[in-house]
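Q: Going down the list, the protein sequences come from chains A and B. Every letter in the first sequence is one number past the one before it in numbering that gives the first Met the number 0, and letter 402, counting from 1, is 401. Every letter in the second sequence is one number past the one before it in numbering that gives the first Met the number 0, and letter 354, counting from 1, is 353.
FYI, nobody ran anything at the bench for these hints, they're computed from the structure. Be aware that a few hints might be false.
Going by beta-carbon spacing under 8 Å, a handful of chain A positions derived as facing chain B [claimed, not checked]: (1) Ala-153; (2) Gly-277; (3) Leu-279; (4) Arg-324; (5) Gly-330.
Every residue, glycine too, gets a C-beta built ideally from N, C-alpha and C.
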Amino acid sequence: MILSLLGGRTGGAAPAGGTGSGDYSRNTRRLALILFVALVLVGVFQGITPDPFRHYFVDVVLTRSLIFGVAAASIVFLSAFGGMISLAQTLMYGVCAFTIGNAVTTGGSKGLNLGWNPWVGVVLGIGVTTALGFLMGLLASRSSGLYYLMITLAYGVIGYYFFVQVTVLSGFGGVNQVRAPDFIGEPTDATNPERLFYSSLVVAVVVYLLLRYVSRTPFGLALQGVRDDPVRMNSLGYNVAMHRTWAFTLAAFVASLGGVLYVWEQRAIAPTAINLGGILNLLVMAIIGGVLVLEGAWLGAFIFVALENYVRNVVFLNNFIEESRFRTLIGAIVLILVLACPDGVVGLRKVRGAAPLALIGAAVWGVFGALHEGDRGAIAGVIVGAVAGIGAAGLVGWLAGHRDTARGVWSKLLSTGRVPVRN
Amino acid sequence: MTGAANALLGRRGRNVPWHRSLARLLIIAAIAFVIVWVVFLAAGTSAGPAVKAPSEFLKSILNALTISGIYFIVASGFTLVFGLMRTVQMAHGSLFLLAGYFALEYQLDFLGVTGTPDRGIVGWGDWWLPLVIGVVIVSGLGLFIQQVFLRWNQGQDLRQALITIAISIVLGDQMIQHFGGVAEPITMTHEIHGYVNFAGIRYGIHQLFVIGMALGVGGGLWLLLKKTRTGMVIRAGVDDTPMVQALGINVQKVFAVAFVLGSALAGLGGVIAGSSVTTLAPGVDGQWLLHSLVVVIIGGMGSLGGAAAGSLLYGLATALAPVYLPTDYAYYSIIATFVILALVLAVRPFGLFGRPA
Numbered sequence: 000m001i002l003s004l005l006g007g008r009t010g011g012a013a014p015a016g017g018t019g020s021g022d023y024s025r026n027t028r029r030l031a032l033i034l035f036v037a038l039v040l041v042g043v044f045q046g047i048t049p050d051p052f053r054h055y056f057v058d059v060v061l062t063r064s065l066i067f068g069v070a071a072a073s074i075v076f077l078s079a080f081g082g083m084i085s086l087a088q089t090l091m092y093g094v095c096a097f098t099i100g101n102a103v104t105t106g107g108s109k110g111l112n113l114g115w116n117p118w119v120g121v122v123l124g125i126g127v128t129t130a131l132g133f134l135m136g137l138l139a140s141r142s143s144g145l146y147y148l149m150i151t152l153a154y155g156v157i158g159y160y161f162f163v164q165v166t167v168l169s170g171f172g173g174v175n176q177v178r179a180p181d182f183i184g185e186p187t188d189a190t191n192p193e194r195l196f197y198s199s200l201v202v203a204v205v206v207y208l209l210l211r212y213v214s215r216t217p218f219g220l221a222l223q224g225v226r227d228d229p230v231r232m233n234s235l236g237y238n239v240a241m242h243r244t245w246a247f248t249l250a251a252f253v254a255s256l257g258g259v260l261y262v263w264e265q266r267a268i269a270p271t272a273i274n275l276g277g278i279l280n281l282l283v284m285a286i287i288g289g290v291l292v293l294e295g296a297w298l299g300a301f302i303f304v305a306l307e308n309y310v311r312n313v314v315f316l317n318n319f320i321e322e323s324r325f326r327t328l329i330g331a332i333v334l335i336l337v338l339a340c341p342d343g344v345v346g347l348r349k350v351r352g353a354a355p356l357a358l359i360g361a362a363v364w365g366v367f368g369a370l371h372e373g374d375r376g377a378i379a380g381v382i383v384g385a386v387a388g389i390g391a392a393g394l395v396g397w398l399a400g401h402r403d404t405a406r407g408v409w410s411k412l413l414s415t416g417r418v419p420v421r422n
Numbered sequence: 000m001t002g003a004a005n006a007l008l009g010r011r012g013r014n015v016p017w018h019r020s021l022a023r024l025l026i027i028a029a030i031a032f033v034i035v036w037v038v039f040l041a042a043g044t045s046a047g048p049a050v051k052a053p054s055e056f057l058k059s060i061l062n063a064l065t066i067s068g069i070y071f072i073v074a075s076g077f078t079l080v081f082g083l084m085r086t087v088q089m090a091h092g093s094l095f096l097l098a099g100y101f102a103l104e105y106q107l108d109f110l111g112v113t114g115t116p117d118r119g120i121v122g123w124g125d126w127w128l129p130l131v132i133g134v135v136i137v138s139g140l141g142l143f144i145q146q147v148f149l150r151w152n153q154g155q156d157l158r159q160a161l162i163t164i165a166i167s168i169v170l171g172d173q174m175i176q177h178f179g180g181v182a183e184p185i186t187m188t189h190e191i192h193g194y195v196n197f198a199g200i201r202y203g204i205h206q207l208f209v210i211g212m213a214l215g216v217g218g219g220l221w222l223l224l225k226k227t228r229t230g231m232v233i234r235a236g237v238d239d240t241p242m243v244q245a246l247g248i249n250v251q252k253v254f255a256v257a258f259v260l261g262s263a264l265a266g267l268g269g270v271i272a273g274s275s276v277t278t279l280a281p282g283v284d285g286q287w288l289l290h291s292l293v294v295v296i297i298g299g300m301g302s303l304g305g306a307a308a309g310s311l312l313y314g315l316a317t318a319l320a321p322v323y324l325p326t327d328y329a330y331y332s333i334i335a336t337f338v339i340l341a342l343v344l345a346v347r348p349f350g351l352f353g354r355p356a
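Given only the sequences and the hints, what does the whole structure look like? Please build it.
A: See below:
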């Protein structure tokens with residue numbers, strides 16, 4: 000949304016439904032990155048000041064954005080470079096978190112309570128998740144597209160019921176009082192709450208660089224070939240199924256890093272975190288950011304987490320939407336984005352008129368929010384205003400498109416007397 | 000079934016790679032083990048081996064048929080929409096739950112009670128009329144979703160899936176607001192009540208009624224698809240939509256009919272399930288979306304026979320696993336679902352009756 004601030008026409012006359020981040024000019028992607036880095040820098044700067052709002056902003060909103068961004072980036076990686084929409088990534092970070100929870104906890108009421116060193120737990124969690132990812136990836140590897148989406152959704156929901164039913168490992172209440180390594184500190188320790196923020200930042204940067212690097216290796220290039228034309232890649236001698244399997248394994252590894260951070264932040268993991276709602280949350284972040292651009296994952300995660308935390312501060316709407324109706328709001332936002340701007344906020348420039356309208360909406364709503372609700376209202380207002388602007392642009396475009404269609408039908412009726420076949 | 004049997008046994012016109020035939024051998028071994036376990040061994044389970052406790056076995060099979068019947072009703076709508084339009088209806092579970100809630104509200108309204116009514120006062124019309132209302136409302140909602148959100152995106156599979164996901168999020172949240180978070184059942188009419196004695200076991204008439212409904216739905220769909228003009232067009236549309244369109248048939252109308260039918264089946268399943276096997280609560284929508292997904296992944300997308308086979312297999316697994324797993328592990332029955340899914344995917348990535356997109 001703020002992309003348009005920075006001016007400069009970006010290319011990208013990609014066909015609808017086009018795949019691959021190659022459609023996005025380097026500028027667009029760089030701007031998304033700059034935007035998020037700016038947010039993080041604001042966070043780093045504000046973390047020093049003792050204002051409670053700012054502490055909350057850094058320790059909760061930005062930290063969670065980074066953590067969920069890591070997990071969402073694994074979805075974006077699979078869809079952008081492999082053409083696979085995976086809904087199993089929530090399960091992957093859940094499996095990692097449950098493994099750590101069972102391995103490191105002592106004296107808890109649930110789980111195995113093995114009481115191992117937190118770092119052993121981390122290694123074990125990542126290892127188990129990656130191995131499971133390989134297995135599940137192998138099973139799904141001969142499918143693609145919608146089949147892949149449905150199979151991975153089935154994985155995710157079955158995984159949820161697994162942890163609900165198997166009381167030895169978790170049960171409905173989940174594992175509590177999970178220990179983190181000493182350098183993270185205790186959750187009650189108010190002196191260094193931003194250590195987790197910096198840890199998440201490091202992991203996020205490493206994940207981003209890793210996924211970018213992998214996409215340029217021979218494996219990554221072959222993976223993009225598999226995405227575009229599996230039949231041709233197969234006849235060229237590439238093992239299509241194994242490429243998909245290894246991509247899924249890598250995504251599971253990345254999601255497990257998100258799981259490590261998640262369990263360090265929450266100090267607990269319950270099946271409710273990975274139920275259908277949790278699965279959709281992660282997908283929603285990826286969609287908002289633009290499911291084909293890696294940088295968008297963190298942006299989408301930030302928008303999601305900020306709205307989740309500041310939903311009661313959305314001026315104009317807070318009379319209609321109570322705090323507990325956050326999911327209605329986020330569902331409506333996703334609906335607007337998917338209908339009006341299918342490439343997410345990163346693909347804003349592809350929709351005619353969306354960028355200026357989003358900017359106007361963000362400015363107006365943001366200013367009103369700042370006046371009535373302060374900082375929180377400003378953040379929430381900017382996000383909701385930008386989405387409203389995008390929606391308005393989409394609506395206008397849709398109406399304009401239909402005017403042309405109506406005219407075309409009318410003129411053809413007059414000239415030939417035949418109704419053209421419409422699709 | 001011959002196609003599935005051939006696939007299982009590796010009877011094909013070409014050489015099958017070794018790991019594929021190994022997978023088939025493993026599956027045959029697994030099926031053989033399950034049969035031997037259930038019939039002869041079944042040590043430490045709540046039901047006991049079938050040769051020693053045949054009535055328990057029969058009862059489990061009838062339970063499996065009941066749950067399979069509801070799976071079939073719900074999943075057939077899902078597979079119909081997917082087969083014709085390549086639309087993954089992710090809001091299918093939401094429509095299921097919404098129909099149940101509407102039926103419940105109207106039932107309570109007709110009876111003038113709050114809270115779960117006594118079965119004795121629920122007459123014939125107090126169950127059928129809410130069922131019809133729930134199904135009609137949900138069909139209308141389905142038509143609205145299809146016309147407003149999906150029609151102009153036809154062909155963009157992924158975008159349609161994301162749209163229906165967003166709709167399911169909104170619907171799920173709104174249902175929590177309007178109907179609350181407490182689990183409530185729909186009360187079946189007292190005329191479908193009581194038990195029959197059947198080879199030494201007592202079996203609920205309402206369960207037989209559910210099986211009958213499923214058979215009715217299956218037969219009706221079969222007649223519709225095979226014997227009517229609309230069904231002919233739908234089948235032709237599944238095979239080659241552009242060709243059907245080129246022949247001058249209004250495909251949009253067929254799409255709308257199929258989507259309404261799919262939504263109505265979700266609603267029908269919701270009301271029947273809500274009065275027999277489940278209660279209505281938040282989260283039930285996701286549960287039944289999973290059931291539909293598993294059935295169509297096992298059976299193959301877009302195939303009615305596949306939906307029947309898939310729901311039978313899945314129903315058998317969900318009904319037999321809790322009673323034939325050792326008692327300490329009876330709660331691990333979800334693993335049986337995953338094992339079936341994994342086995343089918345290993346040999347038939349597009350399901351037993353499916354074919355590549």
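Q: Are the hints correct? Go through all of them and say.
A: Hints, one by one, checked against the model:
Because the beta carbon of Ala-153 of chain A sits about 5 Å from the nearest beta carbon in chain B, less than 8 Å, this interface hint is met. With its C-beta approaching chain B no nearer than about 11 Å, Gly-277 of chain A sits outside the 8 Å limit, and its interface hint is violated. Below 8 Å, beta-carbon pairs count as interface contacts, and Leu-279 of chain A has one with chain B at about 6 Å; its hint therefore holds. Because the smallest distance between the Cβ of Arg-324 of chain A and any Cβ of chain B comes to about 6 Å, under 8 Å, the interface hint for this residue holds.
For the restraint placing Gly-330 of chain A at the interface with chain B, the shortest Cβ-Cβ distance is roughly 3 Å, inside the 8 Å limit, so the hint holds.
In terms of the numbered hints stated before, the structure departs from hint 2 and from no other.
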